[in-house]
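The hints should help you fit chains B, F and C onto chain S, whose structure is shown.
4 protein chains.
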Amino acid sequence: MSAKTAEQLLQEASAWWTTEIIDIHPGKIGIRGYPIQDLIGTIRFPEMIWLMLRGELPSQAQAALLEAALVASVDHGPQAPSIAISRMAVTCGLPLNGAMASAINALDDVHGGAGQQCMEICQRIAAMTESGTGLAEAVDAALDAYVAEHGKIIPGFGHRFHPTDPRTPKLLQLVEEACNSGAVGGHYARIGRSVEEALARRTGKRIPMNIDGATAVIFSELGFAAELGRGLFILSRAVGILAHAWEQKTQGGRIKGPMPPAVPYTYTGEAERKLKPGGPGTA
Amino acid sequence: MSAKTAEQLLQEASAWWTTEIIDIHPGKIGIRGYPIQDLIGTIRFPEMIWLMLRGELPSQAQAALLEAALVASVDHGPQAPSIAISRMAVTCGLPLNGAMASAINALDDVHGGAGQQCMEICQRIAAMTESGTGLAEAVDAALDAYVAEHGKIIPGFGHRFHPTDPRTPKLLQLVEEACNSGAVGGHYARIGRSVEEALARRTGKRIPMNIDGATAVIFSELGFAAELGRGLFILSRAVGILAHAWEQKTQGGRIKGPMPPAVPYTYTGEAERKLKPGGPGTA
Amino acid sequence: MSAKTAEQLLQEASAWWTTEIIDIHPGKIGIRGYPIQDLIGTIRFPEMIWLMLRGELPSQAQAALLEAALVASVDHGPQAPSIAISRMAVTCGLPLNGAMASAINALDDVHGGAGQQCMEICQRIAAMTESGTGLAEAVDAALDAYVAEHGKIIPGFGHRFHPTDPRTPKLLQLVEEACNSGAVGGHYARIGRSVEEALARRTGKRIPMNIDGATAVIFSELGFAAELGRGLFILSRAVGILAHAWEQKTQGGRIKGPMPPAVPYTYTGEAERKLKPGGPGTA
Amino acid sequence: MSAKTAEQLLQEASAWWTTEIIDIHPGKIGIRGYPIQDLIGTIRFPEMIWLMLRGELPSQAQAALLEAALVASVDHGPQAPSIAISRMAVTCGLPLNGAMASAINALDDVHGGAGQQCMEICQRIAAMTESGTGLAEAVDAALDAYVAEHGKIIPGFGHRFHPTDPRTPKLLQLVEEACNSGAVGGHYARIGRSVEEALARRTGKRIPMNIDGATAVIFSELGFAAELGRGLFILSRAVGILAHAWEQKTQGGRIKGPMPPAVPYTYTGEAERKLKPGGPGTA
Numbered sequence: 001m002s003a004k005t006a007e008q009l010l011q012e013a014s015a016w017w018t019t020e021i022i023d024i025h026p027g028k029i030g031i032r033g034y035p036i037q038d039l040i041g042t043i044r045f046p047e048m049i050w051l052m053l054r055g056e057l058p059s060q061a062q063a064a065l066l067e068a069a070l071v072a073s074v075d076h077g078p079q080a081p082s083i084a085i086s087r088m089a090v091t092c093g094l095p096l097n098g099a100m101a102s103a104i105n106a107l108d109d110v111h112g113g114a115g116q117q118c119m120e121i122c123q124r125i126a127a128m129t130e131s132g133t134g135l136a137e138a139v140d141a142a143l144d145a146y147v148a149e150h151g152k153i154i155p156g157f158g159h160r161f162h163p164t165d166p167r168t169p170k171l172l173q174l175v176e177e178a179c180n181s182g183a184v185g186g187h188y189a190r191i192g193r194s195v196e197e198a199l200a201r202r203t204g205k206r207i208p209m210n211i212d213g214a215t216a217v218i219f220s221e222l223g224f225a226a227e228l229g230r231g232l233f234i235l236s237r238a239v240g241i242l243a244h245a246w247e248q249k250t251q252g253g254r255i256k257g258p259m260p261p262a263v264p265y266t267y268t269g270e271a272e273r274k275l276k277p278g279g280p281g282t283a
Numbered sequence: 001m002s003a004k005t006a007e008q009l010l011q012e013a014s015a016w017w018t019t020e021i022i023d024i025h026p027g028k029i030g031i032r033g034y035p036i037q038d039l040i041g042t043i044r045f046p047e048m049i050w051l052m053l054r055g056e057l058p059s060q061a062q063a064a065l066l067e068a069a070l071v072a073s074v075d076h077g078p079q080a081p082s083i084a085i086s087r088m089a090v091t092c093g094l095p096l097n098g099a100m101a102s103a104i105n106a107l108d109d110v111h112g113g114a115g116q117q118c119m120e121i122c123q124r125i126a127a128m129t130e131s132g133t134g135l136a137e138a139v140d141a142a143l144d145a146y147v148a149e150h151g152k153i154i155p156g157f158g159h160r161f162h163p164t165d166p167r168t169p170k171l172l173q174l175v176e177e178a179c180n181s182g183a184v185g186g187h188y189a190r191i192g193r194s195v196e197e198a199l200a201r202r203t204g205k206r207i208p209m210n211i212d213g214a215t216a217v218i219f220s221e222l223g224f225a226a227e228l229g230r231g232l233f234i235l236s237r238a239v240g241i242l243a244h245a246w247e248q249k250t251q252g253g254r255i256k257g258p259m260p261p262a263v264p265y266t267y268t269g270e271a272e273r274k275l276k277p278g279g280p281g282t283a
Numbered sequence: 001m002s003a004k005t006a007e008q009l010l011q012e013a014s015a016w017w018t019t020e021i022i023d024i025h026p027g028k029i030g031i032r033g034y035p036i037q038d039l040i041g042t043i044r045f046p047e048m049i050w051l052m053l054r055g056e057l058p059s060q061a062q063a064a065l066l067e068a069a070l071v072a073s074v075d076h077g078p079q080a081p082s083i084a085i086s087r088m089a090v091t092c093g094l095p096l097n098g099a100m101a102s103a104i105n106a107l108d109d110v111h112g113g114a115g116q117q118c119m120e121i122c123q124r125i126a127a128m129t130e131s132g133t134g135l136a137e138a139v140d141a142a143l144d145a146y147v148a149e150h151g152k153i154i155p156g157f158g159h160r161f162h163p164t165d166p167r168t169p170k171l172l173q174l175v176e177e178a179c180n181s182g183a184v185g186g187h188y189a190r191i192g193r194s195v196e197e198a199l200a201r202r203t204g205k206r207i208p209m210n211i212d213g214a215t216a217v218i219f220s221e222l223g224f225a226a227e228l229g230r231g232l233f234i235l236s237r238a239v240g241i242l243a244h245a246w247e248q249k250t251q252g253g254r255i256k257g258p259m260p261p262a263v264p265y266t267y268t269g270e271a272e273r274k275l276k277p278g279g280p281g282t283a
Numbered sequence: 001m002s003a004k005t006a007e008q009l010l011q012e013a014s015a016w017w018t019t020e021i022i023d024i025h026p027g028k029i030g031i032r033g034y035p036i037q038d039l040i041g042t043i044r045f046p047e048m049i050w051l052m053l054r055g056e057l058p059s060q061a062q063a064a065l066l067e068a069a070l071v072a073s074v075d076h077g078p079q080a081p082s083i084a085i086s087r088m089a090v091t092c093g094l095p096l097n098g099a100m101a102s103a104i105n106a107l108d109d110v111h112g113g114a115g116q117q118c119m120e121i122c123q124r125i126a127a128m129t130e131s132g133t134g135l136a137e138a139v140d141a142a143l144d145a146y147v148a149e150h151g152k153i154i155p156g157f158g159h160r161f162h163p164t165d166p167r168t169p170k171l172l173q174l175v176e177e178a179c180n181s182g183a184v185g186g187h188y189a190r191i192g193r194s195v196e197e198a199l200a201r202r203t204g205k206r207i208p209m210n211i212d213g214a215t216a217v218i219f220s221e222l223g224f225a226a227e228l229g230r231g232l233f234i235l236s237r238a239v240g241i242l243a244h245a246w247e248q249k250t251q252g253g254r255i256k257g258p259m260p261p262a263v264p265y266t267y268t269g270e271a272e273r274k275l276k277p278g279g280p281g282t283a
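Keeping their order, the protein sequence lines are chains S, B, F and C.
According to my numbering, the stretch in the first sequence is residues 1 to 283, in order.
According to my numbering, the stretch in the second sequence is residues 1 to 283, in order.
According to my numbering, the stretch in the third sequence is residues 1 to 283, in order.
According to my numbering, the stretch in the fourth sequence is residues 1 to 283, in order.
Distance windows between CB atoms, simulated:
#, chain 1, residue 1, chain 2, residue 2, range
1, C, Gly132, S, Ala3, 51 to 59 Å
2, B, Ala148, C, Gly252, 16 to 24 Å
3, B, Lys274, C, Arg193, 27 to 35 Å
4, C, Glu149, B, Glu177, 53 to 61 Å
5, S, Asp144, C, Gln173, 49 to 57 Å
6, B, Val147, S, Gln8, 44 to 52 Å
7, S, Thr42, B, Ile153, 28 to 36 Å
8, B, Val147, F, Gly269, 39 to 47 Å
9, F, Ala271, S, Arg254, 30 to 38 Å
10, C, Gly252, S, Gln8, 29 to 37 Å
11, S, Thr42, B, Gly253, 33 to 41 Å
12, C, Gly55, B, Glu56, 47 to 55 Å
13, S, Ala262, F, Gly27, 56 to 64 Å
14, F, Asp144, S, Ala271, 42 to 50 Å
Partner residues aside, some chain C positions facing chain B, computed with beta carbon under 7 Å:
#, residue
15, Ala6
16, Glu7
17, Leu9
18, Leu10
19, Pro81
20, Ala84
21, Met88
22, Cys92
23, Gly98
24, Ser102
25, Ala106
26, Asp108
27, Asp109
28, Arg254
29, Ile255
Think about it this way: if two alpha-carbon atoms lie no more than 25 Å apart in a straight line, the pair counts; the simulated PhoX-like pairs of lysine-lysine are:
#, chain 1, residue 1, chain 2, residue 2
30, F, Lys28, S, Lys4
31, F, Lys170, F, Lys205
32, S, Lys28, C, Lys276
33, C, Lys152, C, Lys205
Derived by calculation from the structure, the hints in this document are not laboratory data.
None of the values given here were measured: they were computed from a predicted structure.
Ideal Cβ placement from N, Cα and C applies to all residues, glycine included.
So here's chain S without its partners, still in its complex pose:
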C-alpha cells in the first residue's frame, strides 16, 4: 500500500468509478456521445430511456412499443403494497422522494419481479429453440424446470383479480402490428402464446397472459436483458407511486396505518403474565 506513488493512487482513484454512459466537462454534457443539447427537444423520453440503457437510439417502431409498455404499467391502485406504502409514507411526513423510495423498494422479487422472471423463462425457451429444440418441447421443459424449482405459479400468466387483464390484449395487438411491419421478430410473441397453450393443456383451464407476461414479451422482443424488465417496470410504476403520494398530500392525514384504528388487528400471543421473581435471567 505504502509502496504506491501518489500518481498510482490517484490513477487508482480515477479508475474506481468508470462509465460509458455520461461524459461531463465544464459546459459540456455528453450522453452516450451525444451532446445533451442535441437530444433535448429532439428525442422522446422513451428514446432517452433506451439510449441510456442500451447505448444506441431505437427505431421509432421500437420506441413506440417500449412507450406502450411504459404507459400500461403506471398504476394498479391503492391495494397494491407499493402504492399503499407511498401513501402511508406521506402521512408520516416524508417528502415525495422519500415516499417514492420506500414504495419502489417494495417492487422486489414478489411484487415487482414477475416480469423479469417471465422474461427469464421466455429467454430460456428462446435459447433452447435456437439450439434446435422444438418450441412446444422447449416450453414444456422450461415450465417443468420452473415448477420444480419455484412451484406452480408461472410469473406473467394468470391474475388473482382480473379474469382477463384488460392491458394484455391491447399490448399483444401492438406486438403483432410491430411483427407485421418487421419492427420486431415475433419470436417472443410466439413463445408467450405457446406458454399460454401449454398452461391450458396442463391445467385444463385458461390461464391468460397478464400485464407482466405481455410486457415481458415486449421487452424481450426489443432485446432487453431480463433484469432490465424489472427496471423498466419501476420507471413506469414510479408514475403511479408519485401520483398517489401527491394525492395523499393534498388529502392530508397523519400517521395513517393500513386500516382505520377502529378496525382492530388480531393478537394471538401470550396472555398477560408477570416477570418471574428472580429477575428475567433464569441462569
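What follows is chains B, F and C alone, placed relative to chain S:
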C-alpha cells in the same frame, strides 16, 4: 368503538383509502376515467404522466415541453451522490429496485429540491405581480426574503461546475417557441430572466439559470405545483439511476466503498487509550 | 484543476471523508480511541451507543436511563405505519434489510419526529431559564411560539389512543430516582411537568406526557442533541420493525396490501369516459 | 365478494394483520404478554431484543453473549458502502431516518449477508452431525456444496483487510467461557473451528474466522434462525450508521459525492457524435 356496527366499521374501512386516480374492477382498469386499453398505444408516456398527476390530458405542445424537461435531467454522472449510491448499492447485492430506492431517497431538499425551491420563489413572484406589484420589485422582494431565510445561494441559478449549463439555453429556447405559439403564457420565463438580471445587478457577475431553474420555469409555465417539480425531476433522474445501477451490475464489483481501499480516509479522533480500571461507569 | 499535483489531489481525496469515530488499520479497530477487543464483553450495548454518539462513555446511571428509554419504545403494533410497511415489504419479497429500510424511512417528522420536536421545545425553555426567565413564563413563551408556528398539538403530550400512556409513569419514576441519586440534574423533568401543568391550565383538561415526552425528558437530561432524539428512537423502534418483519416471514403471505382485497377502497374520480376523437392533444 | 356480510368482511379485515408480539388497548401495552411498564427499567436492551424476536426472555448468560455480538459489529468505518451512503445522504438533506434507511437498505446479501450465510452453512453441518455424520466429514460436504454453488469465498472466514480480525478472538473467548459455564452447548463453536481447520487444509494457508463467522457461531449457539443473523447485525450496525450520519451533519457539506470533484471518474464510452440527419428513428 364497540358501539359501531359492522356496517359502520366496514364503511369506515372502505373510506380509509380514497382516490380519484384509478378505478379497478375485475377485467376493468380506469385511469382518471379512461379505460386503460384506450390509452395504451394511443397516448405518449409524458401524456400519461400528466394525466396521472393532473387528472386531464395535456395539449401536444404542453406534452412536448414536459417531455423536453424529462429528457434533459436524466443524469449528471457518477459524482452525483444519488448515482454513486445507486452504483454502491448494486455492489452490496441489492436488486435494481433496492438500488433505485436508496438513490431516489437521496433526492431530498439539497440534492433534488432545487427545482421545487426555485418554483416556490417564482410562484411567489407571480403571486405578487398578480396582486399588482411590478415584476422587478416583486423579484427583489422575493430574493430578499429568500436570502434572509436561507442564505445567498438562490436555487436554480449558478452552477458549481458548469459556467453555463448546456441544458439551459436549449430548454429556454423551447419555452420561447411555446410562448410564441401560444402553448404557454410566458410569465414564468419572464420571471426567470428577471431573476437572472437581478442577480447580475446584485452580485456584479452573471449567475445564469441552471437546469433546475430552466425546468422550474417549464413546470411553472405548465401549471404544476412546486412540490411536483421535485417529483418530475425524480421521474427523469430515475432513468440515470437505473442506467448506472445496471452498468455497475454488468461491471461487477463487491462492496465498493466511495474510494479504492488504498486511498485512506482521515481519522481525527482520540489517540489509542485504555478503558479506566473501575469499569466504564464513572458513577 | 489541472494545476494540482497528484500529491495535492490525493491529499484532497484523503481529506474528503473525515471521522473522529473509528480508526482502522490491518488487525486494529479503534472506537473513539478504545481498541474494539477491550470493549467487547466489557461494555454494555447502550454504553456502546453512547460512546459512538458522544465520544465518551457514560456513567452506569446514565447508561441505565438510556437503556430504559430504548427498552420502552421498541413497538407500538401493526397499526403503526412503520410496522405495517415492514410487514407489507416482506410480503413483496424484500429481505430483512430492505423491510427495515422501508420502515425506518417512514420514521420522519410526523411519525418519528415527536420526540425530537419535544426536545427542541424543552431545550428552548431551558435556554430561556438559563438566561434568567422564570420557568412558568418560559414555558408559556415556548408554547405560544410553537402553537403560532405549528398549531395546537404539542409533540410529547397527549395520545390519540392511550388516556394515559403506560410507559410514561415508569420512565418518569426512573428519571426521579436518577435525580435523587444525582445522576441527572432534573431540570428537564421539571420542564416536562411544567409544560403538562401549562397545557392543563390552557385547555382545561389533562394532556399527560406521552412516550415521546418522557423520552425527550430523559434524552435531554442525558445531554443529547434534539436531533439524536429521533436517532435513538429509531434504534429502539428498529427492534419492533425487525420482529414484525420476521414474524411476517414466518407467517407467509404474498403482496399483502393494507386491507384484504375483499374490503374495497373508495374511488371518487371521473366516471368512465372516452378519449376525444382528435387524439389526446387539444391544441 | 358481494355475498359476504359486513360481519364477515370485518372479520376478514381484523384477521388480515395478526401478531403474537404485541397487544395494545387504551392504557395498556403488552409485549409477549408482559405489561410494558414491568419491562422498562427492569430488563436490559438485549433482553428486550431477544424477547421481541423469540417470545421468551433469555438467561443472563445468553443475554451477555448476544450483547457482546451487538457491541462488536457497530462500525467498520467510512469506506464501508453503508456508512458512506449514510454520510452522503445527510449531505443531500436527508434527516437521520432517511440516511439510516438508505444505508440499512445496502446491508443486503453481499454487504450484510455474510453472517446469515455462514449460519446457514454451520446449521447445515449441525443437521448432518445430528443425523450421525462425523463432524469433519460434514464440514467437507458442506464446504463442497457451498463452493459448487457459490464459489470459493466462504462467508465468515478470511478478511480482505485484516490478517486477523481483532474482534474474533475476543468473541470466541466469550463463547468458550459460556460453554464452560454451560450457558451454551458449544456445538457451533466446534463447527466453526472445524471449518477453519478444513479451510487451512484445503488452501494450505490460514483463513481465520472473521467477525461474521464469530457472530454466526454466537447467534447459532443462542438458537437464532440464520435469517435473524442478518437482522441482529443490522441492529448493531445501525448504531454506526447513525453515529456517522450525525457526525456528517455536524461537519456540514452539501451534495458530497464519493470523491472530491477534482478527482475525476473515468469515461470509457463513445466519442462525441452527432444525431443522424433523418432523426433518431432509423426505421
